[in-house]
Amino acid sequence: MTPRTDLMEEEQPVAPIRELSAREFARWTWRQLTSMRTALVLLLLLALAAVPGSLIPQENLDSVKTTNWQAAHTTLTPIYRRLGMFDVYGTPWFAAIYILLMVSLVGCIVPRLGVYWRAMRAQPPAAPRNLSRLPDSATYTTSESAAEVTARAEALLRKGRYRLRRAPAGAATGSGEVAAERGYLREAGNLLFHLSVIVVLVGFAVGSLFGYKGGVIVLVGDKYGFSNELTQYDDFSPGSLFRPSMLNWFDLHIHDFHVDWVDSGPQQGMAQGFKSQIRYEDSPTGTMKSYNLEVNHPLDIGGTEVFLIGHGYAPEVTVRDGKGNIAFSGPEVFLPENQSFLSFGVVKAQGAKPSQLGLEGLFYPSEITLNGQPVNVTGDIGDGTNAMLSLQVWKGDLGLDNGPQSVYSLDTSKMTMVAAPGGKAWNLRVGQTATLPNGLGSVTFDGITRWNKLQISQTPFKHVALSGVVLALIGLLGSLFVRPRRVWVRARETADGTLVEVAVLDRSGADEDAAVATDLVARLQGRAEEEPS
Amino acid sequence: MSTHTWALLSNRAVATAAVIYFLALLSHLVEWASLLGQRSVSADERALVNAGDVADVPLEAPAGVPAAEEARIERTALFSRLGYLLTCLAAIVHLGAVVCRGIAAGRVPWGNMYEFTLAGTCIVALAYVLLYARLKLAWMAPIVVAFVLVVLMVGVLVLYTPVESLSEALHSYWLVIHVISAALATGAFTLGGIASGIYLAKRRWPDAERGWMSRVPSLATLDRVAYRIHAFGFPLWTFAVLITGPIWAHQAWGSYWNWDPKEVWAFITWVVYAGYLHARATAGWKGRNAAILALVGLATLWFNFIGINYFSTTSEHSYAGLPAHGAVVVQRAGV
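Protein chains in written order, with the numbering used here: chain A, 1 to 533; chain B, 534 to 868.
Honestly, the hints are just simulated from the structure, not real lab data. All values derive from a computational prediction rather than experimental measurement. Among the clues, some could well be false.
[Claimed, not checked] Cut-off 30 Å, straight-line C-alpha distance, at most; resulting in silico cross-link-like pairs (DSS-like, lysine-lysine): (1) A:Lys414 with A:Lys395; (2) A:Lys65 with B:Lys819; (3) A:Lys353 with A:Lys323; (4) A:Lys275 with B:Lys795; (5) B:Lys795 with B:Lys669; (6) A:Lys275 with A:Lys323.
[What the hints assert, rightly or not] Computed spacing ranges between beta-carbons, pair by pair: (7) A:Gly114 with B:Val709: 37 to 45 Å; (8) A:Trp28 with B:Asp740: 40 to 48 Å; (9) A:Asp401 with B:Thr536: 50 to 58 Å; (10) B:Trp835 with A:Asp300: 56 to 64 Å; (11) A:Asn325 with B:Tyr693: 54 to 62 Å; (12) B:Arg761 with A:Gly114: 29 to 37 Å; (13) A:Ser329 with B:Thr536: 51 to 59 Å; (14) A:Thr518 with B:Arg545: 36 to 44 Å; (15) B:Arg761 with A:Ser283: 53 to 61 Å; (16) A:Asn248 with B:Arg545: 56 to 64 Å; (17) B:Thr694 with A:Trp117: 51 to 59 Å; (18) B:Trp835 with A:Glu24: 46 to 54 Å.
Glycine residues also receive a C-beta, built at the ideal position from the N, C-alpha and C atoms.
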C-alpha cells in the first residue's frame, strides 16, 4: 500500500523454473500479497464488489422490495441467492476482499514503520559528488569565503525548518558543504493514514458484529410503552456475535407528541417538524427521566440510542360481533401512504362470531369530498372533525392458522366482502358506528391515537471508528501536502572566487525544485549584496 | 418580497445565466474555429505554448505576418476575452440565482437535487473564473462552459422542484457542512477530470500545431494540474463522505453506515480516487493510466449523483420522494 518501497521487489530476477517448497511458496505468496500492485488491485476490486449491492435490493435494507424482486425474477433469484447477492456486504467473498486488503496493508505498513524509525534517526544524506548533475541545480561565484557561504546557507535552511547533517564531511579549509532535508512528516502522515484505516476497519467490524439495530412502533400515551426486550421489537437485525443478554434494561413511554404542520405553500399539509416527550427509566429501581426526542437529536440510554424516525396515526376501532361481544378494540397502527398522511391499515377481528371479520382501508386525517370523491387535504387532524376512516369489511377465514402474516395486509382469499349500502367502503367519522348487515356485528370509530416509529440501536466502538477516520484524514493531509525535499549547498574557493553550487531534490514530484533552487540562490546572494564586502 | 417572488427571481436568473453561458460558449467556439484556420504556429509561439503559458501567448501579431493572419489572431484574442467576460457575467448571475433560491427557501440552497445541481455548477463556474488567471485555464474554457451549461440545463429540465421545506432529517447544521464539502469536492473532481480528459486527448495528438489542441499546455503540466486538483478534492471528499456523512446519518437515521446506495457509491468513488492518488504515488502510474482512473472516478461520482436514482428507490438520500416515515416498513409476525 505504499509508494516506492517495493519497486525493488517487482524487479526481482526470474528464478529458474522448479518446484517451490512449501516455505518458498508461502514466502512468494506473502510477497505477492503485500506488493503494492496487489494492494491496488484489491482496492479497486473492493469498489467493484460493492457495486451489485447498490443495484440489487438488499434483504437487510428493504426486505419487502427484495421479496418482490425475487418473485419477479424467478430465474435469477436462485443464482443470486447462491452468490449472496441479496446480502452482498455480509458475504464471504466480500469479506475475503477486505480481509486480504487488510493483511496486505499490515504487511506493507509494519516493515515501513521500521524503515521510517531508522530514517528519523538517520542524518540527511551527504551531498552527491557532482551536484550539477542533479536535474535542478544552480551555481554562482562570489568573493566571500566558503565558510561564510555555508554558515549563511545553514542559517537559512534551519529557518526553513530543514534538518541539517551534522559535521559535514570534507570540512577542509577552502571548501564546505551543507546537506539538509525536510518533510519527514509526509511519510509519517502516510503511515498514520494506513494505520488509521486498520483502526476504522476494526471499529466498524466490532460495531457490526456486536451491535444491533431494531425498530418499533410505539403508541403515544402513558398507557402504552416499550421495554427493551427482544420480543418487543417489530424488526430486529443483530450483528452475528450479538447475544440477547447484551440488551440493557430500560423502559420508556411517549408522554406527548407534537407536530408542526406546513399551513401554506405547495407543501401545505405536510409535517415540518415533530418532537416527542419521552419518559424513561434506565434501571428497574431508578427514577423516571424526561427527554425531548427529535429527529437528529437521539436519546442515549447507557450506550443504547433511541432515534425518532417517523410518526403516524392509529385509529381506535371497536369491532362487535353478531352476539354483541367485543371482538377487537383499541388503536391499530395505519401506515402513511403519502406526505399528507393518508394512511393504510388493517384490523383483524379473529374472535368474531359467527364469522371472523377483517377490515382494511384508508384513514384520512382531514377529508373533504370533491366531486363525490374523498380527498385528503392535510396531515393535520386539527380537532378531528374532518378525520375519516374508509373501510372495506370482509367476512370469512382470516387465514391466521396458516402461519404468521403481516399485520398490515389482509389475506382475502377465503373471505367475502361485506358491501356498504351505496358503495364498497364504509365511511366513518369519529364517534360513528356502522352496523353490518345480516347480524354480522358493528364497527365503531372511537378516536385517534398517534404513534412514533423509534429506531433503537447499539453500535459499540463507533467512536473508535470515527477517531480512526479523523486520524486517517490528518494523515492523508500530511501525505498529500507535506513536500519532502533535500537541499545541498557546496562552496569551493577557486582562483576566480568562491564557486557555490546549490542542488534541490524534491521527492514528491511537485516540480518546484527549480524554483526552490533559484530562490535559495537569490537569498544567499541577496544577503551578500546587503553586506559590504 | 414573498417566498414566491424570490423563487421566481431565482428561476429567471437561472434562465438568464444559461443564455449568457450559451453566448460565452458560442464565443469560445468562434475562437476555436478561428484557431483552426491558423497556419503553422511560429517557433516562438510554440515555445511559449510548451512552457504552459497559454494565457500569455502573444495575441498581438508578430511582425512580418500577413494582414489576414493578423486579423485572424486579433479575432481569436477578441473572442477569447469576450467568452471569458461573458462567463464571468453568467457566473455572477448564477450566484444570484443560488442566493435568491436560498432566500426563497429560508435555508441553505442545496436541499434537493435541483438545488445541489444549481449550487454545484455555480461552484465549478466560480472556481474556473477565479482560477482562470492564476492557473492559466484559458485552454479549458469551452469545456468548462459547455459542462456548466449542460449540467445546469439537465438540472432545470429533469430535476427541477419548487421551493419546499426540507424533510425533517435534513434539519441539521450538518446539512451545511456535509453538503458544502461534498459540493466543493465534486467541483474539484470535475475540474480535475476535465484536465485528465484533455490530457488523454493531448496524448493522442501531442504535436498539434493547429486548432485548439495547440493551446493546451504540455502533457506534464496537464498531468500535474490534474493531480493537484484531485489532491485538493480527495481530503474534502473523505471529510464529506467518511466523517460528516456517517455522523449525520447516525444522528438522523440511527446508524452511521447503512450501505444505502448513495453511501455505497460515495465509497466506490472514494476508493477509485484513493486508487488514483495511490497509483500516482507509486510512480509507475503517472500519465495515461492515472488519467483513465481519474475519469473512472468522475464517472462514479456523477453516476452516484444522478444515475443511481434510476436503479434504486430505497435510498434514504432520495429527498424528492416520500418522507422518511413513508418508507416505514414493519414486519410484525402474527397479530
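Results for each hint:
no., hint, verdict
1, A:Lys414 with A:Lys395, "holds, 9 Å"
2, A:Lys65 with B:Lys819, "violated, 44 Å"
3, A:Lys353 with A:Lys323, "holds, 7 Å"
4, A:Lys275 with B:Lys795, "holds, 28 Å"
5, B:Lys795 with B:Lys669, "violated, 35 Å"
6, A:Lys275 with A:Lys323, "violated, 43 Å"
7, A:Gly114 with B:Val709: 37 to 45 Å, "holds, 44 Å"
8, A:Trp28 with B:Asp740: 40 to 48 Å, "holds, 45 Å"
9, A:Asp401 with B:Thr536: 50 to 58 Å, "holds, 57 Å"
10, B:Trp835 with A:Asp300: 56 to 64 Å, "violated, 38 Å"
11, A:Asn325 with B:Tyr693: 54 to 62 Å, "holds, 57 Å"
12, B:Arg761 with A:Gly114: 29 to 37 Å, "holds, 32 Å"
13, A:Ser329 with B:Thr536: 51 to 59 Å, "violated, 46 Å"
14, A:Thr518 with B:Arg545: 36 to 44 Å, "violated, 52 Å"
15, B:Arg761 with A:Ser283: 53 to 61 Å, "holds, 57 Å"
16, A:Asn248 with B:Arg545: 56 to 64 Å, "holds, 57 Å"
17, B:Thr694 with A:Trp117: 51 to 59 Å, "holds, 56 Å"
18, B:Trp835 with A:Glu24: 46 to 54 Å, "holds, 47 Å"
Of the numbered hints stated above, those contradicted by the structure are hints 2, 5, 6, 10, 13, 14, listed in ascending order.
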